[in-house]
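Asker: The listed protein sequences correspond, in order, to chains A and B. Quick note, in this note's numbering, the first sequence goes up one by one and the last residue is 350. Quick note, in this note's numbering, the second sequence goes up one by one and the last residue is 350.
Calculated from the structure, these hints are not laboratory results. Accuracy of the hints is not assured; some may be wrong.
As the list claims (entries may be wrong) - Which residues of chain B face chain A? A few of them, derived with a C-beta cut under 10 Å, are: (1) Gly134; (2) Met147; (3) Ala149; (4) Asp181; (5) Leu282.
Claimed, not checked - Taking beta-carbon pairs under 10 Å as the criterion, some of the chain A residues facing chain B (in silico): (6) Glu179; (7) Val183; (8) Arg195; (9) Thr321.
Built from N, CA and C at the ideal position, the CB exists for glycine as well.
There are 2 protein chains.
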Amino acid sequence: MTLTISAVEGLPELREGDDLARMIAERADLLDGDVLVVAQKAISKIEGRIARLHERDKVDVILGESKSVVRRRGDLIIAETRHGFVCASAGVDASNAPEPGTLVLLPVDPDASATRLRDRLGELTDHDVGVVVSDSFGRPFRQGTTDVAIGAAGVEVLRDLKGERDPAGYELRSTVIAIADEIAGAAQLVMGKLDRTPVAIVRGLDIPGDGNARDIVMPAERNLFP
Amino acid sequence: MTLTISAVEGLPELREGDDLARMIAERADLLDGDVLVVAQKAISKIEGRIARLHERDKVDVILGESKSVVRRRGDLIIAETRHGFVCASAGVDASNAPEPGTLVLLPVDPDASATRLRDRLGELTDHDVGVVVSDSFGRPFRQGTTDVAIGAAGVEVLRDLKGERDPAGYELRSTVIAIADEIAGAAQLVMGKLDRTPVAIVRGLDIPGDGNARDIVMPAERNLFP
Chain A
125 MTLTISAVEG LPELREGDDL ARMIAERADL LDGDVLVVAQ KAISKIEGRI ARLHERDKVD
185 VILGESKSVV RRRGDLIIAE TRHGFVCASA GVDASNAPEP GTLVLLPVDP DASATRLRDR
245 LGELTDHDVG VVVSDSFGRP FRQGTTDVAI GAAGVEVLRD LKGERDPAGY ELRSTVIAIA
305 DEIAGAAQLV MGKLDRTPVA IVRGLDIPGD GNARDIVMPA ERNLFP
Chain B
125 MTLTISAVEG LPELREGDDL ARMIAERADL LDGDVLVVAQ KAISKIEGRI ARLHERDKVD
185 VILGESKSVV RRRGDLIIAE TRHGFVCASA GVDASNAPEP GTLVLLPVDP DASATRLRDR
245 LGELTDHDVG VVVSDSFGRP FRQGTTDVAI GAAGVEVLRD LKGERDPAGY ELRSTVIAIA
305 DEIAGAAQLV MGKLDRTPVA IVRGLDIPGD GNARDIVMPA ERNLFP
């Protein structure tokens, strides 16, 4: 089995209302089963999810995006977003913002954003592709960020191996693989952080599905780190 | 930029003392700059890191591999391993074990395991490759596991973007990307969990480096979830 992961090159700086699906379709030859990974910032920009700092303080913006504050130390706020994601600054970020003095917020409903992009790509290209919306999240016990899925459409998100058996016949009792997070992280390897390449195509997976990234959120009753 | 990720097919069931580098070199045409991702279980098997259950209880084995227990609920033990990794059961696992009644333990020093494999591959193929040893870890706030790096040699592990600027000139103050974890997760997408494909080749990254996976461990003073 071989996967290829390619950045979609030459996208312009994105603005509110842009038809990102068309921009992608013009620059990439898609195939059925491809998974498009789109950086959250690209989605937020076309959806106008931008806050102006002169109206509010950055901390106010972060708290406005938060359901709860999970940990706080100095400038660092680990918050639970309204979607249930736990991440630094509730996903609010100044880097790669459209202009100084603005902040990019997470999409209101990234699963719906992924579905819209997928449907529009289907219209334009006649191909059935999956879409993952990715963002860079830190992790409690490991340094650095990895990209994870905050939105998904048309792909497998969590693969449950329960009841399947390994080659020795041992039942894999509780193995669930967060496939969509691994796809997001894989795409980050070609997207970079500084270059303007917010879209990558993962080809060869062939894992159609109907999971939502929201399904990845750990339910409160199973959260051992409240 | 395009990456390809391919499983190395046809590896036999591994045993203690096997020359895994030779087995890989016989089945794959390596190139300079390739990164080989090897599942922890493959390394543990060739290094004889197997415990027999009739000698001890599984919980005893887990505690023996642990520096501390971070959380415990029912059968679930989240432990800090002697390497500093925080994961379920201190990485002790019965699935894909060599035979019933045995458990596979993490390698004693997975960074050293990666270095040995890299050096041996260099000897056999004359190619300068990177090696990542991967394992499937759960995460506090997200369901499912993703594969992460528990060992590394000859590759960049953490990419620090501090001081670099985004296209708008905004300085990325504290962005560190856990590249090696994203590589491990990407490789998992082709390795599967049930098939006997514990080795994958990631081609196209070209990120030589000298990081250790141990560097990814969050220092105690920065751990907000003790």
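Asker: State for each hint whether it applies.
Answerer: Results of checking the hints against the structure:
1. With a least beta-carbon distance of about 13 Å to chain A, the hint placing B:Gly134 at the interface is violated under the 10 Å criterion.
2. Residue-level restraint check for B:Met147 is violated (minimum Cβ-Cβ distance to chain A is 17 Å; threshold 10 Å).
3. At a threshold of 10 Å, the smallest CB-CB gap from B:Ala149 to chain A is about 19 Å, leaving the interface hint violated.
4. The interface hint given for B:Asp181 is violated, since its Cβ lies 18 Å from the closest Cβ of chain A, which is over the 10 Å cut-off.
5. For B:Leu282, the interface hint holds, the least distance from its beta-carbon to any beta-carbon of chain A being 5 Å, beneath 10 Å.
6. The beta carbon of A:Glu179 is not positioned within 10 Å of any beta carbon in chain B (closest approach about 19 Å), and the interface hint is therefore violated.
7. Among the interface hints, the one on A:Val183 is violated; its C-beta lies about 16 Å from the nearest C-beta in chain B, farther than the 10 Å criterion.
8. Hint status for A:Arg195 relative to chain B: holds, with the closest Cβ pair at about 4 Å, below 10 Å.
9. Because the beta carbon of A:Thr321 sits about 8 Å from the nearest beta carbon in chain B, less than 10 Å, this interface hint is met.
Going down the numbered hints, you'll see the structure goes against 1, 2, 3, 4, 6, 7, while the others check out.
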